[in-house]
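One-letter residues, chain by chain:
Protein chains: 2
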Amino acid sequence: MKTEEVTPIKIEKTTSSRIGQVDFDKLVFGSVFTDHMFVCDYVDGRWETPQIIPYQPLTLDPSARVFHYAQAVFEGMKAYRDDNDGIWLFRPDENFKRINRSSERMAMPVFPEEYFFEGVKTLLKLDEEWIRKGEGNSLYIRPFVIATEPSVMASPSNQYKFVIICSPAQSYYGGEVRVKIADHYSRAASGGIGYAKAAANYGAQFYPTSLAQKEGYQQVIWTDANTHEYLEEAGTMNVFFRIGDTLLTAPTNDRILDGVTRKSVIAIAEANGIKVEVRPVKVSEIIAAAKDGSLKEIFGSGTAAVINPVAGFGYGDEKFELPKMDKPYASMIKKLIVDIQYNKAEDPYGWRYKVE
Amino acid sequence: MKTEEVTPIKIEKTTSSRIGQVDFDKLVFGSVFTDHMFVCDYVDGRWETPQIIPYQPLTLDPSARVFHYAQAVFEGMKAYRDDNDGIWLFRPDENFKRINRSSERMAMPVFPEEYFFEGVKTLLKLDEEWIRKGEGNSLYIRPFVIATEPSVMASPSNQYKFVIICSPAQSYYGGEVRVKIADHYSRAASGGIGYAKAAANYGAQFYPTSLAQKEGYQQVIWTDANTHEYLEEAGTMNVFFRIGDTLLTAPTNDRILDGVTRKSVIAIAEANGIKVEVRPVKVSEIIAAAKDGSLKEIFGSGTAAVINPVAGFGYGDEKFELPKMDKPYASMIKKLIVDIQYNKAEDPYGWRYKVE
Ligand SMILES: Cc1ncc(COP(=O)(O)O)c(C=O)c1O
Ligand SMILES: Cc1ncc(COP(=O)(O)O)c(C=O)c1O
Chain A
1 MKTEEVTPIK
11 IEKTTSSRIG
21 QVDFDKLVFG
31 SVFTDHMFVC
41 DYVDGRWETP
51 QIIPYQPLTL
61 DPSARVFHYA
71 QAVFEGMKAY
81 RDDNDGIWLF
91 RPDENFKRIN
101 RSSERMAMPV
111 FPEEYFFEGV
121 KTLLKLDEEW
131 IRKGEGNSLY
141 IRPFVIATEP
151 SVMASPSNQY
161 KFVIICSPAQ
171 SYYGGEVRVK
181 IADHYSRAAS
191 GGIGYAKAAA
201 NYGAQFYPTS
211 LAQKEGYQQV
221 IWTDANTHEY
231 LEEAGTMNVF
241 FRIGDTLLTA
251 PTNDRILDGV
261 TRKSVIAIAE
271 ANGIKVEVRP
281 VKVSEIIAAA
291 KDGSLKEIFG
301 SGTAAVINPV
311 AGFGYGDEKF
321 ELPKMDKPYA
331 SMIKKLIVDI
341 QYNKAEDPYG
351 WRYKVE
Chain B
1001 MKTEEVTPIK
1011 IEKTTSSRIG
1021 QVDFDKLVFG
1031 SVFTDHMFVC
1041 DYVDGRWETP
1051 QIIPYQPLTL
1061 DPSARVFHYA
1071 QAVFEGMKAY
1081 RDDNDGIWLF
1091 RPDENFKRIN
1101 RSSERMAMPV
1111 FPEEYFFEGV
1121 KTLLKLDEEW
1131 IRKGEGNSLY
1141 IRPFVIATEP
1151 SVMASPSNQY
1161 KFVIICSPAQ
1171 SYYGGEVRVK
1181 IADHYSRAAS
1191 GGIGYAKAAA
1201 NYGAQFYPTS
1211 LAQKEGYQQV
1221 IWTDANTHEY
1231 LEEAGTMNVF
1241 FRIGDTLLTA
1251 PTNDRILDGV
1261 TRKSVIAIAE
1271 ANGIKVEVRP
1281 VKVSEIIAAA
1291 KDGSLKEIFG
1301 SGTAAVINPV
1311 AGFGYGDEKF
1321 ELPKMDKPYA
1331 SMIKKLIVDI
1341 QYNKAEDPYG
1351 WRYKVE
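Line by line, the protein sequences are chains A and B. Take the first sequence: its letter number 104 is residue 104 in our numbering, and every next letter is one higher. With positions in the second sequence counted from 1, the corresponding number in our numbering is that position plus 1000.
In isolation and in its complexed conformation, chain A is listed as follows (with noise of 0.2 Å):
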């Protein structure tokens, strides 16, 4: 429920922009930040008068809690700019709700709706310019929340700092994936945090990927840590398989995390005549398909790519390759997607959100 009342966010306005510095047609993701940042201190209890600062530095101090316990919980989400200029916001509160979920799971306060739209969206109204036309162009938005007590106690904070920067990024293409289907190392543990957007869930898999990394694959797609016999998403991104014209996904449960994308793209596919299961999705089941040439598509689903299609994975020491298809489904539900993302398409699931 949102109150009527107006949010008092407390507004420092940059004075020298430094949007001039930037190559538009050259950004990296996420290394680029925008002029200007929101910030919300807890203290005592309570969430503070929230403010929009020139874009600067965190002063932490070195016990602070996030340092040593990684207390620490995000969100991803973008902004785009339609051909008349309107900016849009893609179910942002989907993005909301689930960050107050991954709060929870990490004992930590959960952030105000009122606070959060507003801060994004005067946010974005400030930083507008840094918001690019042009399909494949948007504004990555990083809401995040960090445990600022000077403590090292190992217990929860008791002050916090709600964060979001944002970032230009271009459409992202980055080469041909091929996956390492995970058979020793794992992302989450039942009754653990797999499904919070939480900092931890995300260091923890930088070295099982360097170790694929160096086999010749991008990604891991991680499997139930207890067996290993069952397929459940990769590292930023849900996973789908087609098997024949049916799409496969695994449902959600506590150790995968409710992607925005995996929701939209589940939708859109059936809304469009394509049969989707989700069902628990067998690594054996998957082989099998590659081997009887009945696995067509495998791709990811995430906010920074909306789809990314996989062109081969490996398990064990087999190696795999998907056919080539004509009409992916990846490239036409990716297409439904993004039309709706850039206003360009009705919208019949009320998905778009005017930023005004």
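I should point out that these hints are in silico values taken from the structure, not numbers from a laboratory. Treat the hints with care, since some could be wrong.
With a cut-off of at most 25 Å between alpha-carbon atoms, the simulated DMTMM-like pairs for lysine to aspartate or glutamate come out as follows [said to hold, decoys possible]: (1) A:78 - B:1135; (2) A:26 - B:1044; (3) A:296 - A:270; (4) B:1214 - A:254; (5) B:1324 - B:1254; (6) A:13 - A:35; (7) B:1026 - B:1104; (8) B:1026 - A:61; (9) B:1026 - A:93; (10) B:1097 - B:1326; (11) B:1121 - A:61; (12) B:1078 - B:1339; (13) B:1125 - B:1270; (14) A:214 - B:1258; (15) B:1078 - B:1012; (16) B:1013 - A:61; (17) B:1344 - B:1104; (18) A:121 - B:1061; (19) B:1133 - B:1023; (20) B:1214 - A:44; (21) A:133 - A:61; (22) A:13 - B:1048; (23) A:125 - B:1061; (24) A:10 - B:1061; (25) A:26 - B:1085; (26) B:1078 - A:61; (27) B:1214 - A:104; (28) A:133 - A:93; (29) A:296 - A:285; (30) B:1010 - A:61; (31) A:354 - A:339; (32) A:214 - B:1044; (33) A:214 - B:1012; (34) B:1125 - A:61.
Covered by chain A, according to a simulated footprint, are these stretches of chain B (three or more residues, beta-carbon under 8 Å) [what the hints assert, rightly or not]: (35) 1067 to 1074; (36) 1095 to 1109; (37) 1124 to 1138; (38) 1160 to 1168; (39) 1185 to 1199; (40) 1343 to 1353.
None of the values given here were measured: they were computed from a predicted structure. Backbone N, C-alpha and C fix where the C-beta goes; we use that ideal spot for every residue, glycine too.
For this one, chain A is given, so just place chain B with the ligands on it according to the hints.
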């Protein structure tokens, strides 16, 4: 292998010590820090000249990877002052090896041995006054490493900061400790990072621990995530069970931290004629032993409290109280270890390390 070369630590001393403002009789664990800190930056593939500087905040870009992906590890060790003003560490080589083991699992660069030891020793000599005489008094030493590169790309950072901060500590008595045996939540996955002292393992425990606290327990004893049938470790301690006159503790594996105190307890117990079985410990056998009266003690082992006796435990809806023993192994073993730490007893193991 240590090189003979002297590590060139750059030292900037504080101009005004804060020690006069500290009430050493009323210390809250981990919240007061000494006058100096050790810092060393990793840039362009190498560790730069280490520095000791006045204790001060860290300034990091909001996109620093530690905030987003929890690429962070730490250690915990203590310095003790003996009656002749000698300053001692306890098995610091174990902490050194462990922080590098942790770093490797988190795709972080290892830290050079000379820098580690010279850093700790130089810092302790500078802040020597903060190490108080008297049993129970110590200086808690917290080395940690954080990923500092300003980029929200989900991949290993190219920049890191190694820091050591120190906090004076008193003998820790947290009251009677009752623990809950985990039957739903879990701490670590097989193939995960549980064996690393990674920040990511700690924040993840806060929420389930807070649920146990609402039921009147202080801590959770974690079980294996797959079956919840085997007892693994507590939040920041390894766990021992005494059945009859035998001590049981789980073998370390990739879910369990290889505790320095655990190792020392096993060695000291065996040297003193106590039978120790290092083998998987079933929840069901502990419950059965509690019911038939053969369960005599449970205790945790860790740097903070050395040995932490457990007064009772809960499993599901059942609650169990442990008997009050006349001569508990917990106190006996604790005294043997503490006497070595404070240079009050022979050290046949070579565990003590003189700071000079
Ligand atoms: C682990 C993980 N799975 C899946 C996703 C995809 O989620 P979304 O579609 O909401 O971006 C993400 C985030 O982008 C993720 O970090
Ligand atoms: C998870 C965990 N287990 C066990 C221990 C005990 O290890 P040590 O005896 O080396 O302090 C610690 C750290 O103190 C810990 O964090």
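Comparing the hints with the structure gives:
Of the pairs offered as hints, the one joining residue 78 of chain A and residue 1135 of chain B is violated, with about 57 Å between alpha carbons and a cut-off of 25 Å exceeded. Restraint check for residue 26 of chain A and residue 1044 of chain B: the C-alpha separation of about 22 Å stays at or below 25 Å, so the hint holds. For the suggested pair residue 296 of chain A and residue 270 of chain A, the alpha carbons sit about 18 Å apart, so the restraint of at most 25 Å is met. Pair hint residue 1214 of chain B plus residue 254 of chain A holds up; C-alpha atoms about 22 Å apart against a cutoff of 25 Å.
For the given pair, residue 1324 of chain B sits about 34 Å from residue 1254 of chain B by alpha-carbon distance, which is inconsistent with the 25 Å threshold. Between residue 13 of chain A and residue 35 of chain A the alpha-carbon distance is near 9 Å, which keeps this suggested pair within the 25 Å criterion. Proposed proximity of residue 1026 of chain B and residue 1104 of chain B is contradicted: the alpha carbons are some 38 Å apart, above 25 Å. At most 25 Å may separate the alpha-carbon atoms for a hinted pair to count; residue 1026 of chain B and residue 61 of chain A meet this at roughly 21 Å.
About 47 Å separates the Cα atoms of residue 1026 of chain B and residue 93 of chain A, which puts this hinted pair outside 25 Å; it is violated. Simply put, residue 1097 of chain B and residue 1326 of chain B have alpha-carbon atoms about 38 Å apart, too far for the 25 Å limit, and the pair is violated. Between residue 1121 of chain B and residue 61 of chain A the alpha-carbon distance is near 23 Å, which keeps this suggested pair within the 25 Å criterion. Among the hinted pairs, residue 1078 of chain B with residue 1339 of chain B is consistent with the structure: their alpha-carbon atoms are about 14 Å apart, no more than 25 Å.
For the given pair, residue 1125 of chain B sits about 35 Å from residue 1270 of chain B by alpha-carbon distance, which is inconsistent with the 25 Å threshold. A C-alpha spacing of about 28 Å is found between residue 214 of chain A and residue 1258 of chain B, which places the hinted pair above 25 Å, so the restraint is violated. Distance hint between residue 1078 of chain B and residue 1012 of chain B is fulfilled; the C-alpha atoms sit about 24 Å from each other, no more than 25 Å. Using a Cα cut-off of 25 Å, the hinted pair residue 1013 of chain B and residue 61 of chain A holds, with the two alpha carbons roughly 19 Å apart.
With a CA separation close to 37 Å, the supplied pair residue 1344 of chain B and residue 1104 of chain B exceeds the 25 Å bound. With a C-alpha separation of about 23 Å, the suggested pairing of residue 121 of chain A with residue 1061 of chain B holds against the 25 Å cut-off. Straight-line distance between C-alpha atoms of residue 1133 of chain B and residue 1023 of chain B comes to about 15 Å, which keeps the hinted pair within the 25 Å bound. Straight-line distance between C-alpha atoms of residue 1214 of chain B and residue 44 of chain A comes to about 21 Å, which keeps the hinted pair within the 25 Å bound.
The straight-line distance between the Cα atoms of residue 133 of chain A and residue 61 of chain A is roughly 41 Å, outside the 25 Å bound, and the hint therefore fails. A hinted pair counts as satisfied when its Cα atoms are at most 25 Å apart, and residue 13 of chain A with residue 1048 of chain B does not qualify at roughly 36 Å. A distance of roughly 23 Å separates the Cα atoms of residue 125 of chain A and residue 1061 of chain B; the hinted pair therefore holds under the 25 Å criterion. Between residue 10 of chain A and residue 1061 of chain B the alpha-carbon distance is near 21 Å, which keeps this suggested pair within the 25 Å criterion.
Proximity of residue 26 of chain A to residue 1085 of chain B is assessed by CA-CA distance (about 61 Å); at most 25 Å being required, the pair is judged violated. Of the supplied pair hints, the one linking residue 1078 of chain B and residue 61 of chain A holds, its CA atoms being roughly 21 Å apart against a limit of 25 Å. For the hint pairing residue 1214 of chain B with residue 104 of chain A, the CA-to-CA distance comes to about 15 Å; that is within 25 Å, so the pair holds. The suggested pairing of residue 133 of chain A with residue 93 of chain A holds, with an alpha-carbon distance near 24 Å, which does not exceed 25 Å.
Between the alpha carbons of residue 296 of chain A and residue 285 of chain A the distance comes to roughly 13 Å, so the proposed pair stays at or under 25 Å and holds. A C-alpha spacing of about 21 Å is found between residue 1010 of chain B and residue 61 of chain A, which places the hinted pair at or below 25 Å, so the restraint holds. Straight-line distance between C-alpha atoms of residue 354 of chain A and residue 339 of chain A comes to about 15 Å, which keeps the hinted pair within the 25 Å bound. With a C-alpha separation of about 21 Å, the suggested pair residue 214 of chain A and residue 1044 of chain B falls inside the 25 Å cut-off, and the hint holds.
At most 25 Å may separate the alpha-carbon atoms for a hinted pair to count; residue 214 of chain A and residue 1012 of chain B exceed this at roughly 42 Å. Of the supplied pair hints, the one linking residue 1125 of chain B and residue 61 of chain A holds, its CA atoms being roughly 23 Å apart against a limit of 25 Å. With 7 residues bearing a CB less than 8 Å from a CB of chain A, the stretch 1067 to 1074 of chain B meets the requirement of three and the coverage assertion stands. Given a C-beta distance limit of less than 8 Å, the hint that chain A covers the stretch 1095 to 1109 of chain B holds, as 4 residues qualify and 3 suffice.
Only residues whose beta carbon comes within less than 8 Å of a beta carbon in chain A count, and the stretch 1124 to 1138 of chain B has 0; fewer than three means the coverage is violated. Coverage of a stretch by a chain is defined here by at least three residues with a beta carbon nearer than 8 Å to that chain's beta carbons; for the stretch 1160 to 1168 of chain B and chain A the count is 3, and the condition holds. For the stretch 1185 to 1199 of chain B, the proposed coverage by chain A is satisfied: 11 residues have a C-beta within less than 8 Å of a C-beta in that chain, meeting the threshold of three. Residues of the stretch 1343 to 1353 of chain B with a Cβ under 8 Å from some Cβ of chain A number 0, which does not satisfy the need for three, so the listed coverage is violated.
Consistency note: the structure conflicts with the earlier hints numbered 1, 5, 7, 9, 10, 13, 14, 17, 21, 22, 25, 33, 37 and 40.
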